[in-house]
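Visitor: Following the hints, position chains C, D and H with the ligands against chain P.
Those protein sequences? They're chains P, C, D and H, same order as listed.
Here our numbering is used: the first residue of the first sequence is 9, the next is one more, and so on.
Here our numbering is used: the first residue of the second sequence is 50, the next is one more, and so on.
Here our numbering is used: the first residue of the third sequence is 50, the next is one more, and so on.
Here our numbering is used: the first residue of the fourth sequence is 151, the next is one more, and so on.
Bear in mind the hints are in silico, worked out from the structure with no lab data behind them.
Ideal Cβ placement from N, Cα and C applies to all residues, glycine included.
Computed cross-link-like contacts, DMTMM-like style, restricted to lysine to aspartate or glutamate with a CA-CA straight-line distance of at most 25 angstroms:
| id | chain 1 | residue 1 | chain 2 | residue 2 |
| --- | --- | --- | --- | --- |
| 1 | H | 285 | H | 337 |
| 2 | P | 31 | C | 98 |
| 3 | D | 183 | H | 481 |
| 4 | H | 498 | D | 263 |
| 5 | C | 224 | P | 125 |
| 6 | P | 155 | P | 316 |
| 7 | P | 243 | P | 263 |
| 8 | P | 16 | P | 299 |
| 9 | C | 273 | H | 216 |
| 10 | D | 183 | H | 428 |
| 11 | D | 183 | H | 454 |
| 12 | D | 183 | H | 496 |
| 13 | P | 153 | P | 263 |
| 14 | C | 224 | P | 108 |
| 15 | H | 306 | D | 263 |
| 16 | P | 268 | D | 215 |
| 17 | P | 243 | D | 98 |
| 18 | P | 66 | C | 98 |
| 19 | P | 243 | P | 258 |
| 20 | H | 498 | H | 481 |
| 21 | D | 273 | H | 481 |
| 22 | H | 237 | C | 263 |
| 23 | P | 268 | P | 150 |
| 24 | P | 254 | P | 311 |
| 25 | H | 374 | H | 180 |
| 26 | D | 183 | H | 466 |
| 27 | P | 254 | P | 320 |
| 28 | H | 237 | H | 282 |
| 29 | H | 306 | C | 263 |
| 30 | H | 498 | C | 263 |
| 31 | D | 273 | H | 466 |
Residues from chain C that face chain H, not an exhaustive set, calculated with beta carbons under 8 angstroms:
| id | residue |
| --- | --- |
| 32 | 257 |
| 33 | 266 |
| 34 | 267 |
| 35 | 327 |
Here's the letter readout for the chains.
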Amino acid sequence: APTAAQTKAVDAAAGGNAAPGEKVVIGFSAPAADHGWLAAITTNAKAQAATFSDVEFKSVESGSDAAAQRAALSTLLAQKPNVIVLLPHDGKELNSFGLEAMTAGVQVVNLDRAFPDRRAYRTQVLGDNYGMGVAAANYVIEQMKAKGVAAPVIGEIAGMDELELTQTRSKGFSDTLTAAGFTVANRRAARFTVDSGQQEASQLLQALPKIDALWNHDDDQGIGVLAALNQANRKEMIMVGGAGSKQAIEAIQADDSPLKATVTYSPSMASSAISLARLIGQGKGLGDLVELQVPKEIVLSSETITKDNAADYLKFGF
Amino acid sequence: MTATALETGRKRLWAGESGESVSRNLILAGVLVALLVIGAITQPQLYGDSAWVWSNVLSILQLASVVGVVTVGMTFVIIGGGIDLSVGAIVALAGVWSTTLATQSFGAGGMIFTAIVVGIAVGLVNGFLISYGKLVPFIATLAMLVAARGLAASISGKQTQISSSDLINGIASTKLLGIPILVYILAAVAVAGWVLLNRTTFGRRTVAVGGNPEAARLAGINVKRHTMLLYALSGLCCGIAAIMLTAQATSAQAAMANLYELDAIAAAIIGGTLLSGGRGTIVGSVLGVLIFATITNLFAINGLSTEAQNMVKGGIIVAAVLVQQFRFQSVTRLFNRKP
Amino acid sequence: MTATALETGRKRLWAGESGESVSRNLILAGVLVALLVIGAITQPQLYGDSAWVWSNVLSILQLASVVGVVTVGMTFVIIGGGIDLSVGAIVALAGVWSTTLATQSFGAGGMIFTAIVVGIAVGLVNGFLISYGKLVPFIATLAMLVAARGLAASISGKQTQISSSDLINGIASTKLLGIPILVYILAAVAVAGWVLLNRTTFGRRTVAVGGNPEAARLAGINVKRHTMLLYALSGLCCGIAAIMLTAQATSAQAAMANLYELDAIAAAIIGGTLLSGGRGTIVGSVLGVLIFATITNLFAINGLSTEAQNMVKGGIIVAAVLVQQFRFQSVTRLFNRKP
Amino acid sequence: MRTAIDEPDERPVLRLTDVVKTFPGVKALDGVQLEVRAGEVHCLLGQNGAGKSTLIKVLAGVHRPDSGTVEWQGEPVAFGGPQAATKAGIATIYQELDLVGDLSVAENVFLGHEPRRFGFVRRGTMVARTREILKSLGHEEIPPRRMVHALPAAGKQVVSMARALSHEARLLIMDEPSAVLAHDEVENLFHIIRRLTARGIAVIYISHRMEEIREIGDRVTVLKDGRTTAANLPADTPTTELVSRMTGRSIEYVFPPRTATAGTDDLLTVTNLSRAGEFRDVSLSVRPGEIVGIAGLVGSGRSELLETIYGARRPDAGTVELDGRRLRPGDVGSAVRAGMGMAPEERKSQALLLGEPIHRNMTLATFTGLARFGFTSARRERAESERIAESLELRPRDVSRPVRTLSGGNQQKVVVGRWLLGGTRLLLLDEPTRGVDVGARAELYRVIRDLAAEGVGVLLVSSEVPEVLGLADRVLVMREGRMVREASATEIDEDTVLDLVMAGSLMEGAPA
Ligand SMILES: Nc1ncnc2c1ncn2[C@@H]1O[C@H](COP(=O)(O)OP(=O)(O)OP(=O)(O)O)[C@@H](O)[C@H]1O
Ligand SMILES: Nc1ncnc2c1ncn2[C@@H]1O[C@H](COP(=O)(O)OP(=O)(O)OP(=O)(O)O)[C@@H](O)[C@H]1O
Ligand SMILES: [Mg+2]
Ligand SMILES: [Mg+2]
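Here chain P stands alone, though its shape is the one from the complex (with noise of 0.2 angstroms):
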């Protein structure tokens, strides 16, 4: 279930944004949830949705590839919602669709995987895979710096090496360690699962017998990760989340575990993706703005969670 801070009634404060408008049906797509993030996308937009008496909330949740989720994705355009709301399998891929039904009239909301096209998106919510890479890396050289470590060994826990976005993590990581001087020694893909994490962290232990920093991209599979330091009694390192589960933040306010930080990539944009949709469908735009309508595209910013200021995040937690 979302916490009640991964959604958001909106309040007199924003404006008139929060009177109920005239209808607006809302139809949502994401991939298969296989594991937390992705569920909580899907839990996310649906209560958003729920919050809200005007808007009518049609969900296709679809298959295991992209040419599953567009065959969902016709069947939904089919029933001719006033918006669109998906997280694509993959931005490129289901482009074509974003084109598609911008075309036969049908704004479209992307949300996280971004289309390459512009014509391809009304508005698109994105998270910043590469800067979750900068802001983990930021941190581990600032520690090593505090430390004095001069060259440290880092590890590098990846998410699914298929995906576009999991290069994209990696990438922001790496380059920013080159500015600084450092290199990753050692870098492992898991598959987004408690187990791949555990079984690739396993691994990477058994590859560098000792490690300063450990940046793991995915808190879930980070529950197998820190089982693995735990049955390698290995707790030499720092090690960075990301994401931002609770259990995540609440290991790092509580500082008994190697996990110091985390780098936020909040499964809550659902639930502003499905506010704006709303918006667009009602032609409003956004209270705090002067613009009358929502901006094309909001790229939410990774920020890094620490001891200090986790208590401020828990109620983000997923």
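Guide: Okay, now just chains C, D and H with the ligands, sitting in the frame of chain P:
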């Protein structure tokens, strides 16, 4: 001749002559219709709109088209006594290879050529390992699955490669006489597969190679070469499928066509192909693919959650096979004494 | 005893009574050693430290332990003429079910009990569909794969469920005499499997049922019941594996044990199990699992990229099988007349 | 027609000199001489495992000889494969039916040399030519488009023959073609062979049935342990001499004398047993120590009856009782536990684990009994198997050899031997001597008779009427699924049985 002798004679005539597979396919078609009816019952307002129904049928066909083409090749391999676990990986490799910038510079023709050549080449390697290296098909193609996905990832640098050829992308978006080109391609491949299997020496020898390889060898058929050709054929189908999938996604990626091997094998088996070889029909396989596509469509229009989908899907697969089973118990009892 | 009698006695020991499989397994062990040597050559500084080498061996064993347990069950199913595609899904379902808050409230005993009961129950359903529903094993267990993953997702609400039982989690972190408990579990399951296959009537029946089901039936063996038991046995192994995996990850999830079915089948086949049933060894299967784990370890300590890993892995699988093939060409010619 | 053969300067079409073929561990051919002339029927005789099938596989290009020469029409040849041999004019009907079940009759006949145009099969031509060939074989009732798996065994044999004749053959090799044929079918086969030899085609004919060799053969070559022990004997050489050449000893009698040991109470009682389409209202009984034989045509439902009694098929109606206790219908396990055993008709597909060693096949039905607390005893299993192998004179005696490498007759011994291990009280035998050589046959008859003497009841199905009459105490005749006659074996003669049995063969039932 007595009346009873005549009667048993007729019964026998019905039992042979692939009458069995004809009515097996009729039952599959029945299952398909039943699924469509369930769709109509659960979503009466959608099914009330005939334009929507037509577009929905097209969308099912389009969904089935890529896996359908792969399944035709897979059907040949299985009838010939093998199995090809690498089809998904071949589709991905062919797709990625045909969308590299270098290849795209040769235009649509170059892309199609590349995809098909890559598909056939990988198929030939599979076939070679199996016939001449004497590897079990399961292991050889599993190794190829892993290796081809790896190669695809390395070629693409794990990036999604956009296809900028309008001609290629048009394959997925253009319609002819109101029907998407993808559907024509599936139809063409299926018809070609049917003719190949039922009307040519290649097809008839495929049945022999899978059904009784020793007999085929004694009849002078070059079983090894034939086996190689079967995997090459499967590779060719994968090459075609790669172009279709690339057109649909207007891009290619090392992870695409994930687990198509399971979809294709399942569709072929539901369609009546014997996993042990020697028996199978193209019509059955295509019906199998359509059934799976219709199930997916049914879930989508009803907005079922993924987990509910999966639970129901497992049940439908079992039910679909059981229906065939019970209808044919009497006929099959004759042929199949095994418990 | 005369000299000739002694001689035939020796010959017998070698030729019959799985003499073939003994030397096949020796070759597999050779491949394993070769992989370790490659590791030592490529990473001399790591292998210079004997403490590290020991810990690395343990880490390979630990890596192999979960899949190893699943593979023992799979080996029985395949020798018995079937296949179980649902093992990964059963592990996930059993893991998720045993880590629900309700189950965890019964403590470690309750969790272990639940995992094992769930495993056996799902296995029995598989077995029932196959023996009495007469479904092809491939289809029945594929349907179960889909359904069980769906059920697991629905039970867990797609959340990762943390195991808060120190006893369970301790299975992965505790060592006895310097060796992790997980390794003991694998050893115990493998030994039990070996005894069951080679020294009990159950094992004999398994070979008979897989080698020639009709002959087994006519010899008075209850083939259907035995088939059910084989799938239940595979389910039991999955239940044990679920506990082990949950302990390792200190949590369970619907997506866990992804594609374990492929790993287990591949390991069994590399280990010499015939996919068509009737022949296979536990030792070979365990060696197959260890080879795969060692390959993974080799890649990790050399820091290979995922795509390079995959390409090399495909090659190693092919090479490992080819080595066996050529060594045994003369022996296998005796048994396998098919081309 | 025969005059040409008698001419002394007649050159053989085929001449084999010192042919040797070794399989790992077995010298299957160890210096074979063979000489075949045009237009003759040359019979090959030899015990099971003598190397007959191996020899013809060498001729057919399936195996390459290790040494020795093969001269074909005066030229030395070395066939690279089956196709080379067929091209040269040697067509073969193999011992194991080499047909593809899911292809039609016509497709099987022309497999590998289909009439075609641009890769497309010319189906019309193929069907028409198949029909012609079938007609020339006297079997125009077999529809060329029918799937082969839907044909009865006899029909399959005809298709095999049609396939051999679809080539322009100068030499036709037949490896035990009559083994699966009924009496009238064999007559038909001989008719065809005579027509072929009249056209100058040479035939190599293998069979274990002496009377056939006498009827159709011109000359006989005898093999023993892979060696030619007698070449070009006239076909009317006395049986005793042929047998002694084959076995190295003489066999005095074939059927052992009956011993009057039959008990009085029924051991097996079958009452009104029926299965739709197979047999109806069959009642019979077998007493302890009695051998009951069932005669009938192929397709008359005898195998189905036996399997139903045994519980391998579930009856639609009727009961089976052993010692007055009703057996659970359709449950082989309970039949076996009650003391029944069966040697089924098709040993390879129904009885044997081909890759497993002999002793594991022998103990397949009894290893549970030999086990303790579910743990098997390899020592006892092996000892028991060796005992049986000894008493059946199994060749090879080494029980750890895989059954796959045994010749057909020895495989049959393994199957029968399986039921000599436990406490079997009723043995069901379906064609127990199919493909079994004369020597082994006599041994099997002795074994069966000895079993009866020990009080075991035997229910025997055989297509060879003399076998039923000679071995059984009581004879039942079955026709189209019904029992039409029951008589003591001494009261009925072969002609009576054949008269009863003939009511149209299975093949005539199908419309063209
Ligand atoms: N492929 C093979 N591998 C090993 N041994 C073989 C093979 N084929 C035949 N043999 C062996 O060669 C010998 C001759 O066998 P063959 O089949 O030629 O006998 P046969 O005379 O035809 O007997 P039958 O009358 O029973 O058919 C036997 O000992 C048999 O076990
Ligand atoms: N209606 C039918 N259609 C197809 N095949 C049939 C049919 N009836 C019988 N057969 C097959 O014909 C063969 C012979 O039939 P069956 O077993 O009834 O004869 P039988 O009296 O036991 O003769 P035998 O044992 O001498 O072959 C069997 O393989 C059986 O499967
Ligand atoms: Mg023979
Ligand atoms: Mg019969």
